[in-house]
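There are 2 protein chains.
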Amino acid sequence: MRTSIEPASIAMLDQHDPLRSKRDAFLLPEGVIYLDGNSLGPVPKAALRELKIAAEQEWGEDLIRSWNKAGWFDLPGTLGDRIARLIGAAPGETVITDTASINIYKALHAGLNLRPDRSAVVAEGSGFPTDIYMIEGVASVRPDMRIRLEGVDGPRIEDLIDDDVAVVLVNHVDYRTGMLRDMAALTGRIHEAGAIAIWDLCHSAGVLKVDLNANGADFAVGCTYKYLNGGPGAPAFVFAATRHHGKLSQPLTGWWGHASPFAFDRSFRPGHGIRPMLCGTQPILSMRALAGALEVWEDVELDQVREKSLRLTDLFIALVEEGCGSFGVTVAVPHERTARGSQVSLRHPHGYEIMQALIDKGVIGDFRSPDFMRFGFAPLYLSYTDVYVAASILYDILADGTWRASRFANRATVT
Amino acid sequence: MRTSIEPASIAMLDQHDPLRSKRDAFLLPEGVIYLDGNSLGPVPKAALRELKIAAEQEWGEDLIRSWNKAGWFDLPGTLGDRIARLIGAAPGETVITDTASINIYKALHAGLNLRPDRSAVVAEGSGFPTDIYMIEGVASVRPDMRIRLEGVDGPRIEDLIDDDVAVVLVNHVDYRTGMLRDMAALTGRIHEAGAIAIWDLCHSAGVLKVDLNANGADFAVGCTYKYLNGGPGAPAFVFAATRHHGKLSQPLTGWWGHASPFAFDRSFRPGHGIRPMLCGTQPILSMRALAGALEVWEDVELDQVREKSLRLTDLFIALVEEGCGSFGVTVAVPHERTARGSQVSLRHPHGYEIMQALIDKGVIGDFRSPDFMRFGFAPLYLSYTDVYVAASILYDILADGTWRASRFANRATVT
Numbered sequence: 000m001r002t003s004i005e006p007a008s009i010a011m012l013d014q015h016d017p018l019r020s021k022r023d024a025f026l027l028p029e030g031v032i033y034l035d036g037n038s039l040g041p042v043p044k045a046a047l048r049e050l051k052i053a054a055e056q057e058w059g060e061d062l063i064r065s066w067n068k069a070g071w072f073d074l075p076g077t078l079g080d081r082i083a084r085l086i087g088a089a090p091g092e093t094v095i096t097d098t099a100s101i102n103i104y105k106a107l108h109a110g111l112n113l114r115p116d117r118s119a120v121v122a123e124g125s126g127f128p129t130d131i132y133m134i135e136g137v138a139s140v141r142p143d144m145r146i147r148l149e150g151v152d153g154p155r156i157e158d159l160i161d162d163d164v165a166v167v168l169v170n171h172v173d174y175r176t177g178m179l180r181d182m183a184a185l186t187g188r189i190h191e192a193g194a195i196a197i198w199d200l201c202h203s204a205g206v207l208k209v210d211l212n213a214n215g216a217d218f219a220v221g222c223t224y225k226y227l228n229g230g231p232g233a234p235a236f237v238f239a240a241t242r243h244h245g246k247l248s249q250p251l252t253g254w255w256g257h258a259s260p261f262a263f264d265r266s267f268r269p270g271h272g273i274r275p276m277l278c279g280t281q282p283i284l285s286m287r288a289l290a291g292a293l294e295v296w297e298d299v300e301l302d303q304v305r306e307k308s309l310r311l312t313d314l315f316i317a318l319v320e321e322g323c324g325s326f327g328v329t330v331a332v333p334h335e336r337t338a339r340g341s342q343v344s345l346r347h348p349h350g351y352e353i354m355q356a357l358i359d360k361g362v363i364g365d366f367r368s369p370d371f372m373r374f375g376f377a378p379l380y381l382s383y384t385d386v387y388v389a390a391s392i393l394y395d396i397l398a399d400g401t402w403r404a405s406r407f408a409n410r411a412t413v414t
Numbered sequence: 000m001r002t003s004i005e006p007a008s009i010a011m012l013d014q015h016d017p018l019r020s021k022r023d024a025f026l027l028p029e030g031v032i033y034l035d036g037n038s039l040g041p042v043p044k045a046a047l048r049e050l051k052i053a054a055e056q057e058w059g060e061d062l063i064r065s066w067n068k069a070g071w072f073d074l075p076g077t078l079g080d081r082i083a084r085l086i087g088a089a090p091g092e093t094v095i096t097d098t099a100s101i102n103i104y105k106a107l108h109a110g111l112n113l114r115p116d117r118s119a120v121v122a123e124g125s126g127f128p129t130d131i132y133m134i135e136g137v138a139s140v141r142p143d144m145r146i147r148l149e150g151v152d153g154p155r156i157e158d159l160i161d162d163d164v165a166v167v168l169v170n171h172v173d174y175r176t177g178m179l180r181d182m183a184a185l186t187g188r189i190h191e192a193g194a195i196a197i198w199d200l201c202h203s204a205g206v207l208k209v210d211l212n213a214n215g216a217d218f219a220v221g222c223t224y225k226y227l228n229g230g231p232g233a234p235a236f237v238f239a240a241t242r243h244h245g246k247l248s249q250p251l252t253g254w255w256g257h258a259s260p261f262a263f264d265r266s267f268r269p270g271h272g273i274r275p276m277l278c279g280t281q282p283i284l285s286m287r288a289l290a291g292a293l294e295v296w297e298d299v300e301l302d303q304v305r306e307k308s309l310r311l312t313d314l315f316i317a318l319v320e321e322g323c324g325s326f327g328v329t330v331a332v333p334h335e336r337t338a339r340g341s342q343v344s345l346r347h348p349h350g351y352e353i354m355q356a357l358i359d360k361g362v363i364g365d366f367r368s369p370d371f372m373r374f375g376f377a378p379l380y381l382s383y384t385d386v387y388v389a390a391s392i393l394y395d396i397l398a399d400g401t402w403r404a405s406r407f408a409n410r411a412t413v414t
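Chains as they are written, first to last, in numbering that gives the first Met the number 0: chain A, 0 to 414; chain B, 0 to 414.
Any given hint might turn out to be false.
[Claimed, not checked] Selected chain B positions facing chain A (Cβ under 7 Å, derived; list incomplete):
1. L26
2. P28
3. G30
4. S100
5. W254
6. T280
7. Q281
8. S285
9. V388
10. Y394
Don't read these hints as lab results, they were simulated from the structure. Being a predicted model, the structure only gives us computed values, none of them experimental. Heads up, the beta-carbon is just placed ideally off N, CA and C, and yes, glycines get one too.
Could you build all of it, start to finish, from the sequences and the hints given here?
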């Protein structure tokens, strides 16, 4: 690849990277440049350690006593509070529980219940599909509810918000393009109309300085297995702003959300604070791996994460545009730093085959229909050299047409 | 303890126990007789092995590729089919997913949607509390729905069933008393009235020869972390009879239940068969530990499990009644074998203190309000000698009043 960017300058960037030592906190397979942390983060060493303790000591030796002794019962809140700093929440506003889909269902109901005189829910037609499916699920039990989708009912989400809108559910970073929404401006617009803002942070938690409270967000949901590296399918988080506590109601009223979960009452009474967002018994082994993964974040400055993320994506965009533009590859993510998450999506009519060829050569990204190659840049374990090597391999594949020979793997992958 | 039961006869029972070698499949802590497998089963060695492979190899080395390569994406169905034999289901009728509470919510909606012209849901007022809470949650989004509870609206569940009843949700084994319902008779009564039967198998799966299809059950839910030993909070199962497939609808419509989960469609279309009971991304590490736990069951004959379970509980009841009856302890579980699960509940005004004294001496059971001491008898890892020793320790505690000095531990425990 011929570019104006000197390998020596890349090495300098790595040398002066304040996050470079964080790479040692992860187990990364040999010979792989992992650009799919936006789908499944790699293994933090502390996650393996905690998983082993949880399985062998807590489950194996202490058995049922670990619900108290090892703090299992408190995990949704204690882990939620550890994520709080990363998303700009106050203590007691976030819990780890269930899946992002189910937390969206809860937050939608809770938001609608806060605006009983309104009927519309607004979301993105190009949003992550499960967000829309869960909205449809809520609509199936709230026959008066109306759904308005950006790209279907109007070009811009802002234009769909009027005084019949109860809730707006919006992705902070678009899963396909990597586009970043302006949380402050959009939340302001939502509140101006008297509606409730639910932010889906699946593709921003852990790579941006998310600031839910400073921006006035009402609810938020997110994954912990992407940039937070909590492990495959690790339980999700849900945030509800303190000002709504005491008024939170949603229909998944299980024992863990009860005011007195061990009183075995015959009727549900919601617990205090964020507790009504909890429902049933959580997968403790997965939770404990996540507890280890969150240790890695304890001394991380999110400003440094965001700055490195932008430099990594700046670099990749520059290398691709200079080196690969002539092969029909276009950059789908905005060039403006304020409109970009930590993912660069490239488009090419044969994006699927090119991604397969990349994976065969150890550069792991993924593909999303119809023609998006997605590359996630996680600042804690990636170097600038990784980015340079990945772009060079992409160039080689495009230049010699290797991708035409790449075998079709199973397309099934999980975002 | 003086009883008519000879220690030599106990040793003989162990010698001739066809399941005795299964104990080696478990890691059991030294000095503990674990009679709380009805709350959290102990560690199967295979679960630790699979958990390690899942964390280090599948997550650590293969990363995102494990969704296909390691079969993560198929786990809800493949593990569901392995549980199918234990509960009398056919292949394709059971999935492992989410929590028992959330699966109850799905099954209730699905059942109600199959009987749109009816409005009542019947359940047990003394049923496991989260079952009732989830019914209340469903009612909160179905304003026409009426709840009728056994013990509140009538003495017997059978008398509450009429032609306005859409769904009956009932526990196979009562979590407090250990009482076993007659699944065939009650399902027959429910169907006679044209209603849908949902069985909660939390306290029967893995200790009884549950026979859902032979008894005509419509839906079932259950835990995997009690007698199935899947690990703390391991994902739950949900069963839907094949005759309802194609007509399953419930409002938790997440991506995993979609007909084409990787097509990223803008609207939800339910998948085939049992798939509409799935919703969001599952906790894979917890699922993989469960996969190991289920290996233990592969060559187990459930008739032998049931027979041993009855002998264990018969023995415990006999020892307690002969040895401890004079101390005010009463047996809460029925003596008739057909009305008993695998748990013996004893009542005593100071049951809580007595249980603490037992735990201090290494006999782990648990306590449920107001005065129930619960002892679960899991045939795969308990011996008749364990039962004899446990009863003897109970006798000693009662006889010398040790329980009066037992410290009050935190009452919080999870069923």
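Residue hint Y394 (chain B), partner chain A, criterion CB-CB below 7 Å:
Violated - the Cβ of Y394 (chain B) stays beyond 7 Å from chain A, reaching only about 23 Å at its closest.
Once the shortest beta carbon distance from Q281 (chain B) to chain A is found, is it less than 7 Å?
holds, 5 Å
Can you verify the interface hint for S100 (chain B): is its Cβ closer than 7 Å to any Cβ in chain A?
holds, 3 Å
Per the CB criterion, is W254 (chain B) less than 7 Å away from chain A?
holds, 4 Å
Using Cβ atoms only, decide whether V388 (chain B) comes closer than 7 Å to chain A, and label the hint accordingly.
Because about 18 Å separates V388 (chain B) from the closest Cβ in chain A, which is outside the 7 Å limit, the hint is violated.
Regarding the hint that P28 (chain B) lies at the interface with chain A, is the smallest CB-CB distance below 7 Å?
With a minimum Cβ separation of about 5 Å from chain A (threshold 7 Å), the hint on P28 (chain B) holds.
Per the CB criterion, is S285 (chain B) less than 7 Å away from chain A?
This hint holds: S285 (chain B) lies near chain A, its Cβ roughly 4 Å from the closest one there, short of 7 Å.
T280 (chain B) was flagged as interface toward chain A. Is the shortest Cβ-Cβ separation under 7 Å?
Status holds, d = 5 Å.
For the hint on L26 (chain B), does the least C-beta distance to chain A fall short of 7 Å?
With Cβ-Cβ at 5 Å, under 7 Å, it holds.
Does the nearest C-beta of chain A fall within a distance shorter than 7 Å of the C-beta of G30 (chain B)?
violated, 11 Å
Against the hints set out earlier in the document, violations occur for numbers 3, 9, 10.
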